[in-house]
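> Order-wise, the sequence lines are chains E and Y.
Going by the numbering used here, the residue at position 155 of the first sequence is 155; the numbering climbs one at a time, nothing skipped.
Going by the numbering used here, the residue at position 80 of the second sequence is 80; the numbering climbs one at a time, nothing skipped.
Don't read these hints as lab results, they were simulated from the structure.
Worth double-checking, as some hints may not be accurate.
Output of the computed footprint for chain E on chain Y, the stretches with three or more beta carbons under 8 Å from beta carbons of chain E [stated by the list, open to error]: (1) 48-60; (2) 142-148; (3) 156-162.
Distance windows between CB atoms, simulated [said to hold, decoys possible]: (4) LYS199/Y x ASN135/E: 53 to 63 Å; (5) LYS126/E x GLU17/Y: 35 to 45 Å; (6) ASN131/Y x ILE161/E: 29 to 39 Å; (7) GLU116/Y x LYS159/E: 52 to 62 Å; (8) HIS86/Y x LYS126/E: 43 to 53 Å.
A quick note: this is a predicted structure, and the numbers were derived from the prediction, not measured.
Think of the CB as a built atom: it goes at the ideal place given N, C-alpha and C, for glycine as much as any other residue.
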Amino acid sequence: MADLIKVGMADYKVGRSPSTLISYGLGSCIGVSLYDPQTKIGGLLHIMLPDSTQARASDNPAKFADTGIPLMLNDVLALGASKARLVAKLAGGAQMFAFANATDIMRVGNRNAEAVKQILRRNGIKVIAEDTGGNYGRTVQIDLQSGAYKVKTIDRGEKEI
Amino acid sequence: MTDEFNLSPIQLDALREIGNIGAGNSATALSQIINKRIDMNVPKVAFIPIEDVPDLVGGPDTIVVGIFLRVYGKAPSNILFLMPQHSAFYLVDALMGRPHGTTKALDEMDQSALMEIGNILSGAYLNAFFNFTHISMLPSIPALAMDMAGAILNVVLVQLGQMGDQAMVIETEFLAEEEGINGHFFLVPDPGSLGTLIKAVGVE
Chain E
1 MADLIKVGMA DYKVGRSPST LISYGLGSCI GVSLYDPQTK IGGLLHIMLP
51 DSTQARASDN PAKFADTGIP LMLNDVLALG ASKARLVAKL AGGAQMFAFA
101 NATDIMRVGN RNAEAVKQIL RRNGIKVIAE DTGGNYGRTV QIDLQSGAYK
151 VKTIDRGEKE I
Chain Y
1 MTDEFNLSPI QLDALREIGN IGAGNSATAL SQIINKRIDM NVPKVAFIPI
51 EDVPDLVGGP DTIVVGIFLR VYGKAPSNIL FLMPQHSAFY LVDALMGRPH
101 GTTKALDEMD QSALMEIGNI LSGAYLNAFF NFTHISMLPS IPALAMDMAG
151 AILNVVLVQL GQMGDQAMVI ETEFLAEEEG INGHFFLVPD PGSLGTLIKA
201 VGVE
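Model the full assembly from the supplied sequences, consistent with the hints where possible.
So, in structure tokens, the structure goes:
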């Protein structure tokens, strides 16, 4: 039986087919997946914030896009994925509450999405699918057998990107 | 930052006591509005790893109704009142004078009623805070969302995540008689506000 591996907030997991990696209840956070379709090796990272240099020192690099992505990248490469074949998908980055005078921190979802794409580009990894923004939560999962990235919501059904 | 996490037992007690008074006020207010007895448990004051906070309300994919208010003043904070979906529906029925079990989804009127409850609870809570600490704290207008607990909690956790890996939460659970309502009231001080609160309690 294929196992379902849970990825918590500010955490990442890597694995290979037939595992599925899942992360529950993302709001402004982003679920970034990397996948090598040939070796069927991949990873899922659940980041909270865009930039570790704008925050106080943290023991957890997986919390940030700029430190989390390279970490996951190293681990999938170590498992045997090829960097040239790796593709990325991402979902999340919502703004859950609409406030007239929303502070920067409330718009963090948007900044998260931008940061993730920029860091992936810098590492030469192509983003092939994205489902970001809106004002609703998402549960995301990547099936490492097919590379299918599923996004579940409460009111807007489920889709595959 | 790290020194703020080494609170003495007396300081934690003081924060718990403020939480107690605030929650007591809120429970009384709520009980008067819906004309039912509301019990609350002793507030938990705890530092917990940010990623574990969603587990307090049943896990990150539990569907909840969240009412969020930003608190301005000398100790800026966030208030989040989270209720399981069925509790929110029950509360709306009670507020609207409809038979229990009528509400199956929240229309605009229902949402507005719940936000008003958020307003009243927060007002009662912050008033108690003020009486105790003389720190005046003003809540913003409330915002409401019905979604996954993890997603809603993101709003407060992200801000804390910028400053550290732990969250201080003052958490109270409300329980109405006859299974009805249970809700979690979170007061999450901004990281810089904690010192101000402790000082105001007078047990530095």
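> Next step is simple, just say for each hint if it's right about the structure.
Hints, verified against the model:
no., hint, result
1, 48-60, "holds (count 5)"
2, 142-148, "holds (count 6)"
3, 156-162, "holds (count 5)"
4, LYS199/Y x ASN135/E: 53 to 63 Å, "violated, 37 Å"
5, LYS126/E x GLU17/Y: 35 to 45 Å, "violated, 56 Å"
6, ASN131/Y x ILE161/E: 29 to 39 Å, "violated, 52 Å"
7, GLU116/Y x LYS159/E: 52 to 62 Å, "violated, 35 Å"
8, HIS86/Y x LYS126/E: 43 to 53 Å, "holds, 44 Å"
In this structure, the hints that do not hold are numbers 4, 5, 6 and 7, in rising order.
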